[in-house]
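Trainee: Listed below are the residues making up each chain.
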Amino acid sequence: MSTVRSDDSNQVVPMLECSGITMSFGGIPVLRGITFSLEPGTVTALAGENGAGKSTLMKIASGQYRPIDGTVQVRGQDLVSGNTQAAYELGVAIVPQELASIPEMMVYENLFIGREVKTRLGTLDRAAMVKAAKGYLQEFGLGTDPKTRMRELPVGIRQIIEIIKATHRGARVLLLDEPTSAIAEREVARLATIVRSLRDQGVAILFTTHKMEEIRAMADRVVVLRDGTLVSDTPLADISDDGIVTAMIGRELDQLFPERPDAGNDIVLEVKDLVIAAGATPINVTVRKGEILGLAGLVGAGRTELIECIYGIRKPHSGTVTLSGSVLKAGSPRDSIARNLAIVPEDRKGAGAILSMSILDNATLPRIAAFSRFGVLSRRKQRSAISEVMKSMRLKSSGLDQHLENLSGGNQQKVVFGRWLTGQVDALLLDEPTRGVDVGARSEIYRIITELSAAGMAVIMASSDMPEILSLSHRALIMRETGVVGELDREQLDSPDVQDTIFRLASGLRAEPLKDNTP
Amino acid sequence: MNTTATAPAALQRSNWKELAGNFLVRHIMVVVMLLIVAFFAYRSARFATPDNLTNILIAAAPFALIALGQTLVILTGGIDLSVGSVMAVSAMAAAWTAKNAGDNLLLPLVAAVVAGILAGSINGFIVSQLGVPPFITTLGMLTLASGFAYVIGDGAPINGLPASFGLFANTQVLGLTLPVVLMIVAILGLAFVMKRTNYGLRVYAIGGNRLAAEIAGVRSRRILFSVYAISGLLAGLSGLMLASRVITGAPNLGQGYELDAIAAVVIGGASLMGGRGTVWGTAIGLLLIQTINNGLDLLLVPAYWQSVIKGVIIVAAVGVDVWAARRGRR
Chain A
1 MSTVRSDDSN
11 QVVPMLECSG
21 ITMSFGGIPV
31 LRGITFSLEP
41 GTVTALAGEN
51 GAGKSTLMKI
61 ASGQYRPIDG
71 TVQVRGQDLV
81 SGNTQAAYEL
91 GVAIVPQELA
101 SIPEMMVYEN
111 LFIGREVKTR
121 LGTLDRAAMV
131 KAAKGYLQEF
141 GLGTDPKTRM
151 RELPVGIRQI
161 IEIIKATHRG
171 ARVLLLDEPT
181 SAIAEREVAR
191 LATIVRSLRD
201 QGVAILFTTH
211 KMEEIRAMAD
221 RVVVLRDGTL
231 VSDTPLADIS
241 DDGIVTAMIG
251 RELDQLFPER
261 PDAGNDIVLE
271 VKDLVIAAGA
281 TPINVTVRKG
291 EILGLAGLVG
301 AGRTELIECI
311 YGIRKPHSGT
321 VTLSGSVLKA
331 GSPRDSIARN
341 LAIVPEDRKG
351 AGAILSMSIL
361 DNATLPRIAA
371 FSRFGVLSRR
381 KQRSAISEVM
391 KSMRLKSSGL
401 DQHLENLSGG
411 NQQKVVFGRW
421 LTGQVDALLL
431 DEPTRGVDVG
441 ARSEIYRIIT
451 ELSAAGMAVI
461 MASSDMPEIL
471 SLSHRALIMR
481 ETGVVGELDR
491 EQLDSPDVQD
501 TIFRLASGLR
511 AEPLKDNTP
Chain B
520 MNTTATAPAA
530 LQRSNWKELA
540 GNFLVRHIMV
550 VVMLLIVAFF
560 AYRSARFATP
570 DNLTNILIAA
580 APFALIALGQ
590 TLVILTGGID
600 LSVGSVMAVS
610 AMAAAWTAKN
620 AGDNLLLPLV
630 AAVVAGILAG
640 SINGFIVSQL
650 GVPPFITTLG
660 MLTLASGFAY
670 VIGDGAPING
680 LPASFGLFAN
690 TQVLGLTLPV
700 VLMIVAILGL
710 AFVMKRTNYG
720 LRVYAIGGNR
730 LAAEIAGVRS
740 RRILFSVYAI
750 SGLLAGLSGL
760 MLASRVITGA
770 PNLGQGYELD
780 AIAAVVIGGA
790 SLMGGRGTVW
800 GTAIGLLLIQ
810 TINNGLDLLL
820 VPAYWQSVIK
830 GVIIVAAVGV
840 DVWAARRGRR
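Going down the list, the sequences are from chains A and B.
Using this note's numbering, you'd call the opening residue of the first sequence number 1 and step up by one each time.
Using this note's numbering, you'd call the opening residue of the second sequence number 520 and step up by one each time.
Since the hints were made in silico from the structure, they are not lab data.
Treat the hints with caution; some may be incorrect.
[To be verified] Partial pick of chain B residues on the chain A-facing surface, computed with a CB cut under 7 angstroms:
#1 Met552
#2 Gly650
#3 Pro652
#4 Thr716
#5 Ala724
#6 Gly727
#7 Asn728
#8 Ala735
#9 Arg740
#10 Arg741
#11 Leu791
#12 Ala835
[Claimed, not checked] Listed next, the stretches of chain A that the computed footprint assigns to chain B, with coverage defined by at least 3 CB atoms under 8 angstroms from CB atoms of chain B:
#13 327-337
#14 361-372
[Claimed, not checked] In the DSSO-like style, the derived pairs of lysine-lysine whose C-alpha atoms are separated by at most 30 angstroms in a straight line are:
#15 A:Lys289 <-> A:Lys211
#16 A:Lys391 <-> B:Lys714
#17 B:Lys618 <-> A:Lys396
#18 A:Lys381 <-> B:Lys618
#19 A:Lys211 <-> A:Lys329
#20 B:Lys618 <-> A:Lys349
#21 A:Lys315 <-> A:Lys289
#22 A:Lys289 <-> A:Lys329
#23 A:Lys211 <-> A:Lys349
#24 A:Lys396 <-> A:Lys381
#25 A:Lys272 <-> A:Lys289
#26 A:Lys391 <-> A:Lys59
These figures come from a predicted structure and were not determined experimentally.
Each residue gets a CB set at the ideal place from its N, CA and C atoms; glycine is no exception.
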């Protein structure tokens, strides 16, 4: 039971109080009797795996959805559900995962939209708005010109502007849905600073996340949801990281990364003098049988571009890719597939999954010829091969006919991954294989990658997730400015200062410790 | 914890209700259709007779062909505005050939098919290879093909065709006229293609997410080209059927048909964004529109009012569908 007492035992009226919130979509229960409250001047993390019900709870708390049962009270007043405007007037503001800013309008216009400052004549007083906007931005440590167009700003800044918009309209309860899912690490630190300063002003903040570091960095208290049930509600000081993870996934996460068996010796994939775009450094990469090669680097270092060039989504300026002895046709995914190359792209929704199609159809597409005769599909062949693969991926679905748009991120990723495994794969290209994937599914994806490499597949894995690079790969390349700037073998990957080494290489600082080690 | 004890019973009850609701929601257009049929049957004694049913099917046939072509195009996220004009130019090409080739049946057929495929292929080439938006490309083709239709007849209809030209529309097969048979075959055939073949799956795939489809090995340009070519071919056949019915080539034949075809596809539940829709849906949408046309005629509603009523019904039908889909999702 959550208390409504602050530390010095004075009775405090909670800013936001949810009692017995129950919700279901299409007969499937999403939230079961959730009760918790937010006190002024506190930051609460709402943790849980994808599909645990976090976003739905956020939407109920901000009046967007009407729960089947239960009430939401803001400072003791009932929130009329299904009415965002009313929630707004009570001081509840939500910054959604997909930002609601208007990209073609300027920063100050976005800030004042719906409550524009007018002159005596009733026209817009742009000068006054620009001036006020500048003040707000400075207050939050942003030097951005209020006359910049929203679309020209990085996502992280846009998000902070959304927060400014909400709080300057008097929001006392701020709900942030996955605030860090789309922003760079540097911006996370700034977000944390802003969240803390708002807390000190007495705002009650609730944010959703499934990343441990962020819970530690920002929250005072953590509420964990699992399958729509509140399983833990504790001050952060009273719970360990393992405790949170266990609460989220409902079992011990004994080991996130499985053991890596040794790689083989035969070269499977060879990239020779590949120049991604005119003027870039030629890249040479070899991957051996059963080897997992990590690709590290900052955003924009060219990891995705390299993978796209290898697979044929992008035509390189020059250079060749050889797979199992034969040269791949540049710019032809079809040829790559025919030669047993597979890819799991970075942008799952944009390049991997076809959300409007079923699991069966998505999984059929890359190897369609194997399931058909004279162009006619054999449902029997499709079902038997695909259901077997999806079983080995431990896909959670209501059946192969379920559409991908109704699956969680982790399960979508399993389909995008698993669809290749109905046939032979010699080399596998992975680009951020666990982005937007929750902890439980993540460890399963690691298990699958390791098993596949153990069975002889050559794997190239680009990742921004440092533990992934360090614990999963046999060897890692560090990229910067569309070129390879360093290579680390397994021994180096296990050394204690490796993160620092990678960071120095990736950011272009002098890399002292690596001098003697680079081949 | 003790509150959960009652949950299963409550859940089952709501499931039963929701299942019934879901069925209605999923087949809302069939329900709308039945309501409209019931209304007309109640108001007009002639409506629910076998003769009238045949009339509806005969009227539906030329629309069916272009609506099926349109379904493919819309599934890829495109649109084909040119089908009405392509019908006209194909009909004129066929009529011209019939007039000059005498009693030959094959040559007019070839002329109509070639004209249709040619127009469709030009659309397909421009959309798939040059990347011009389908709306613009086919709008251009609408004007161009219509112009050619008038050029072929020198601005006038082509009359005095051999009587055999009427065989395309008036031959009876199994008690049905040839266009109706062609419509039924086309619906069944295309439904099979879209549901059970590689080609169908690829059309859905590039409409759902073109980049993802390409990464999965689909040659999207070929598929895009093909759907416009097929749409052109079907428009050509449709134009021939229509011209044959009156044994005349009229340059204004098929004018505005593209709008009824698009309406049929959309009423059938397809998304103009691509990736969603079915051949069965289009067939229902088509029958819905034709039933309304026929019923209003029987009730002696003046033509201009028919147009008004049809407009309202189209938007209302799709509105009901959108509402149902939203309910289904929640």
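Trainee: Of all the hints given earlier, name the ones this structure violates by number, lowest first.
Mentor: 1, 2, 3, 9, 10, 11, 12, 15, 17, 18, 19, 20, 26
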